[in-house]
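Student: For the protein sequence lines, the chains are V and G, in the order given. The first sequence begins at 1 in our numbering and counts up one residue at a time. The second sequence begins at 1 in our numbering and counts up one residue at a time.
Be careful, since some hints might not be right.
[Unchecked claim] Chain V stretches covered by chain G per the calculated footprint, using a threshold of three residues with CB under 8 Å from any CB of chain G: (1) 33–39; (2) 59–71; (3) 90–96; (4) 104–110.
[To be verified] Listed below are the simulated DMTMM-like cross-link pairs for lysine to aspartate or glutamate, each with C-alpha atoms no more than 20 Å apart in a straight line: (5) G:K307 <-> V:E63; (6) G:K307 <-> V:E178; (7) G:K307 <-> G:D240; (8) G:K307 <-> V:E167; (9) G:K262 <-> G:D237; (10) G:K262 <-> G:D44; (11) G:K307 <-> G:D237; (12) G:K262 <-> G:D236; (13) G:K307 <-> V:E98; (14) G:K262 <-> G:E51; (15) G:K262 <-> G:E247; (16) G:K262 <-> G:E249.
It should be emphasised that the hints constitute simulated quantities derived from the structure, not laboratory data. Cβ atoms here follow ideal geometry from the backbone N, Cα and C, with glycine treated the same way.
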Amino acid sequence: MIRLADVTKTYHVGAVEINALRGVDLFVADGDFLAVMGPSGCGKSTLLHVAGCLDTPTSGHVELRGTRVSDLSERELARLRATEIGFVFQTFNLLWDETALENVELPLLYAGVRSRRRAATAAAALERVGLGPRARHRPWQLSGGEQQRVAIARALVKEPAVLLADEPTGNLDSASGEHILDLFSTLHDEGSTIIMVTHEQGVAERAGRILHMRDGVILPDGEVATG
Amino acid sequence: MRQLRLALSSLMRRPSRAALAVLTATMTVAGAVSILGLIGGIRDIARRGLERLGENVIFVVAGGDAFGVGAARFTLDHVRALDELYAPAGGAQPIAVERCALVRPDGSMHSVLGVATNARTLYYFNYSVTRGRYFTDGEVRGDEPMCVLEWLLASSVHPDDPARCLGEVLAFRIGGVERRVEVIGLLEEPLTENAGELIGQPEVYHRVFMPFGLMPGGGEVFTSMAVKLPAGVSSDDAPDRITAALEAEGVPPDSFEFIDAKEETEMIRTSVLTLTSLGVAMTATCLLAESVAITSIILMSMTERIKEIGIRRAEGASRRDISVQFLFETLCIGAVGGALGVPVGMLGARILAEYAVDWPVSHNPLILLGAAAASAVVGMFSGLLPARHAASLDPVAALEAA
Numbered sequence: 001m002i003r004l005a006d007v008t009k010t011y012h013v014g015a016v017e018i019n020a021l022r023g024v025d026l027f028v029a030d031g032d033f034l035a036v037m038g039p040s041g042c043g044k045s046t047l048l049h050v051a052g053c054l055d056t057p058t059s060g061h062v063e064l065r066g067t068r069v070s071d072l073s074e075r076e077l078a079r080l081r082a083t084e085i086g087f088v089f090q091t092f093n094l095l096w097d098e099t100a101l102e103n104v105e106l107p108l109l110y111a112g113v114r115s116r117r118r119a120a121t122a123a124a125a126l127e128r129v130g131l132g133p134r135a136r137h138r139p140w141q142l143s144g145g146e147q148q149r150v151a152i153a154r155a156l157v158k159e160p161a162v163l164l165a166d167e168p169t170g171n172l173d174s175a176s177g178e179h180i181l182d183l184f185s186t187l188h189d190e191g192s193t194i195i196m197v198t199h200e201q202g203v204a205e206r207a208g209r210i211l212h213m214r215d216g217v218i219l220p221d222g223e224v225a226t227g
Numbered sequence: 001m002r003q004l005r006l007a008l009s010s011l012m013r014r015p016s017r018a019a020l021a022v023l024t025a026t027m028t029v030a031g032a033v034s035i036l037g038l039i040g041g042i043r044d045i046a047r048r049g050l051e052r053l054g055e056n057v058i059f060v061v062a063g064g065d066a067f068g069v070g071a072a073r074f075t076l077d078h079v080r081a082l083d084e085l086y087a088p089a090g091g092a093q094p095i096a097v098e099r100c101a102l103v104r105p106d107g108s109m110h111s112v113l114g115v116a117t118n119a120r121t122l123y124y125f126n127y128s129v130t131r132g133r134y135f136t137d138g139e140v141r142g143d144e145p146m147c148v149l150e151w152l153l154a155s156s157v158h159p160d161d162p163a164r165c166l167g168e169v170l171a172f173r174i175g176g177v178e179r180r181v182e183v184i185g186l187l188e189e190p191l192t193e194n195a196g197e198l199i200g201q202p203e204v205y206h207r208v209f210m211p212f213g214l215m216p217g218g219g220e221v222f223t224s225m226a227v228k229l230p231a232g233v234s235s236d237d238a239p240d241r242i243t244a245a246l247e248a249e250g251v252p253p254d255s256f257e258f259i260d261a262k263e264e265t266e267m268i269r270t271s272v273l274t275l276t277s278l279g280v281a282m283t284a285t286c287l288l289a290e291s292v293a294i295t296s297i298i299l300m301s302m303t304e305r306i307k308e309i310g311i312r313r314a315e316g317a318s319r320r321d322i323s324v325q326f327l328f329e330t331l332c333i334g335a336v337g338g339a340l341g342v343p344v345g346m347l348g349a350r351i352l353a354e355y356a357v358d359w360p361v362s363h364n365p366l367i368l369l370g371a372a373a374a375s376a377v378v379g380m381f382s383g384l385l386p387a388r389h390a391a392s393l394d395p396v397a398a399l400e401a402a
């Protein structure tokens, strides 16, 4: 379960103040598959970063499985990211010089899992996304779709409380994109909680629930952001 | 251990950057080791020179005016008077120094300093007879002509094997008279052929020691005396006591002067200290250069690693994890640079000693270990700034970096 209560996030770019989130309230139950839609700059990615403890809210609070994350120290937040939160990014964000297996091992490394168990768990996660035979390949030896599957394996390997995907098909061709969405559907069917940010209606429709955002706020059900 | 493995793997994945940083560390450590090795060499020479001067020795030298008129001529009675002054822990030794010439087997002449003394030379001065022996009390009258050579003088007779001089009879022209003298001993080989020049005493390693009976005057008259003061006795009031004792023997006080070996010792000690300070300063400069270079290389590479830092933070690395990874990376660079720099520096010092400075090299194992360890420590400190910078990056901004 993840809950955001009256969350605001304000950035300052020079003298300009940008209100990326303006009092967002959100509840995502375990096993939900939620899509967040909205135009560029509406605050979707910021919402994901705050929910994923990569960023801290300016006000309000975030709760993850009953833990109020704003009360946690920087090290505790890092630990939470290593164990409870899986990220899937539009640009995959893989370590370029490391193999697929080593990329998937990364969160386990920071979670303090021992070397042998780390490798076995990471290999199983790669098998789960159909990339077992490509474990020793480096990202530049993989297609875009395969790279995204490595990123998904890296998110899954820690068996996270929530999987946060930011435009996961944005950099993929349609066939690869479909493959990734099929994978998300399978994960959802297996009980994973997923929050996916997208600006594509077709992608969002794969989720069980769609939220729309505009100018840093979540629009009431049925209202759709334009522009 | 995990962080160390992470740092090593990160370095291995960027071999050109790692190699550049390690090369920089290696060269700076090598520079420091070379400098310290060369300074160590000259320190050893100076230290040996100091040892040879002996402890607590003061010289009474015949003075007189510029032409030597009015100079004292010391006799055995004067020696005995000073001997009694400082007996039994100290005493006096007669010394007659005469310029003479060694006549080589091919007939050529080699100018040397002849030192006529008694058998107590080895007690006064810390000379070491490495071949043969020194003459005894019974031999100082010179009835049997014999001598002890400095090693370098022997090597001028037999360059390939100076020890061949032992037992040979050499011809010396002393006071216009040619004497044939048997070589009964050789003093130790100096650390380098120019050891005398390096300590400002060019002739000190080219002397011949003979019983004083062989010198002009037949061992009755001497130009100087070496007075050994008992251990713990200050040499400050020695001139007054010696002057009084000699005056009582009828030697005018203005006909001789004193040379305190302590002054020479202090001069050499000061030079050694200056050299040591210079070495420390140059080593510190080298290590500072290493630090600046490693910091710069790591900071320059930071631009291409911002995204990596963002990914690591997103996947669970804390600020401390990032910081420690960078510190371990620079520690490894410094440690490897130190481990390579030490042998490279030793080789560099040998090459410099051979082709540039013409003096021996001396490496202290503790200093070598210290140089390698200092390089590792400097490496780690060099990582402080990059580590702090990396740890302070905002993970979201880092992830969005191109």
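Student: For each hint given before, does the structure comply? Return the numbers of the non-compliant ones in rising order.
Tutor: 1, 2, 5, 6, 7, 11, 15 and 16
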